[in-house]
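Whenever a hint applies, use it, and build me the whole structure from the sequences.
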Amino acid sequence: MAQTITRNGNALAYRATPGAGPGVVFLGGFKSDMQGTKALALEDWARAQGRAFLRLDYSGHGESGGTFEEGGIGDWFRDAMAVIESATTGPQVIVGSSMGGWISLLVARTHPERVAGLVTIAAAPDFTEDGYWAAFDPDQRATVMDKGRISVPSDYGDPYVITRRLIEDGRDHLVLRTPLRLHVPVRMLQGTADEAVPVATALRLLDHMEGDDIRLTLVKDADHRFSTGPDLALIQRSVEEVIAAI
20 MAQTITRNGN ALAYRATPGA GPGVVFLGGF KSDMQGTKAL ALEDWARAQG
70 RAFLRLDYSG HGESGGTFEE GGIGDWFRDA MAVIESATTG PQVIVGSSMG
120 GWISLLVART HPERVAGLVT IAAAPDFTED GYWAAFDPDQ RATVMDKGRI
170 SVPSDYGDPY VITRRLIEDG RDHLVLRTPL RLHVPVRMLQ GTADEAVPVA
220 TALRLLDHME GDDIRLTLVK DADHRFSTGP DLALIQRSVE EVIAAI
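Residue numbers for the sequence shown follow the numbering used here, beginning at 20 and rising by one.
Honestly, I wouldn't trust all of these hints.
What the hints assert, rightly or not - Here are the computed distance ranges between Cβ atoms for each label pair: (1) 20 / 165: 42 to 48 angstroms; (2) 199 / 265: 16 to 22 angstroms; (3) 260 / 130: 20 to 26 angstroms.
FYI, nobody ran anything at the bench for these hints, they're computed from the structure. Being a predicted model, the structure only gives us computed values, none of them experimental. Where is the CB? At the ideal position from N, CA and C, for every residue including glycine.
Right, dumping it as C-alpha cells:
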C-alpha cells in the first residue's frame with residue numbers, strides 16, 4: 020500500500036523502506052512510474068543491504084493524483100522535493116533515470132544539503148528544449164503555441180502529449196545554460212544504443228558539470244530502458260561506489 024502526502028491539491032504516492040543512511044531515492048522518467056524495473060530492483064538491493072530507500076510518483080504519474088498534461092518539470096521537481104522532505108532525513112543518494120536525471124540535478128542545485136551523491140541513468144537534462152522543441156518544425160511549433168499541445172509518437176505506447184506549458188516551464192528549469200557545480204560524487208550511466216537520449220547528451224552534461232568526482236560510464240549496446248540484468252547490476256554497483264566515496 021502506497022503512502023501519500025498532498026501537494027498543490029494532488030496526492031503524491033510513494034513507498035519508503037526504512038534502513039540505514041544515507042538513504043537512496045529513485046526518481047523515474049517522463050510518464051514513467053515507481054513500479055518500473057529499475058526502481059523495484061534497486062529497492063530489493065537496498066532492503067538486502069539494510070539501507071533506507073524511497074521511490075515515488077510525480078503528480079500525473081502512476082498512483083499519484085493530478086493530470087499528466089497539466090504538469091511540467093517544475094511541478095515534478097517540487098513534487099519530488101516534497102516527498103523527499105517528508106519521507107527522508109538528511110542527505111540522500113539520488114538516482115535519476117532519464118527525466119529523473121534532470122530532476123536530480125535540480126534537486127542538487129537547489130537543495131545541496133539534501134544530496135549526498137548522484138547516480139544518473141540516461142539523464143535527459145533540458146530535453147523539452149533541446150529534444151522536443153529543437154526537433155519541431157515551424158508548423159509543429161505553431162501548433163504547440165497556438166493550440167497549447169501536440170501529440171508526438173512514443174516508443175513506449177500511446178503518443179505523448181507535449182504542451183505549451185511543458186515547453187515554457189522547462190525553460191524556467193534548464194540546467195545546461197548556467198554553471199552546475201556539484202560537491203558530491205556523481206556517477207553517470209549511458210547506453211550507446213539509446214535512441215531517446217544520445218551519447219552526445221551525456222558527453223555534454225559531463226563537460227558542463229563541475230566537480231571533483233564525476234565519472235561517466237558508457238555501456239555498449241545498452242538502450243534507454245537500461246534494465247537488463249547486467250545494467251541493473253551496474254546501477255547497484257554505481258550506488259555502492261557513490262556511498263563509499265561520501
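Worksheet item: Does the Cβ distance between residue 199 and residue 265 fall inside 16 to 22 angstroms?
Response: holds, 20 angstroms
Item to complete: Return holds or violated for the Cβ distance of residue 260 and residue 130 against the range 20 to 26 angstroms.
Response: holds, 23 angstroms
Worksheet entry | residue 165 and residue 20 - C-beta distance against the hinted 42 to 48 angstroms | holds, 44 angstroms
The structure is consistent with each of the numbered hints, conforming to all of them.
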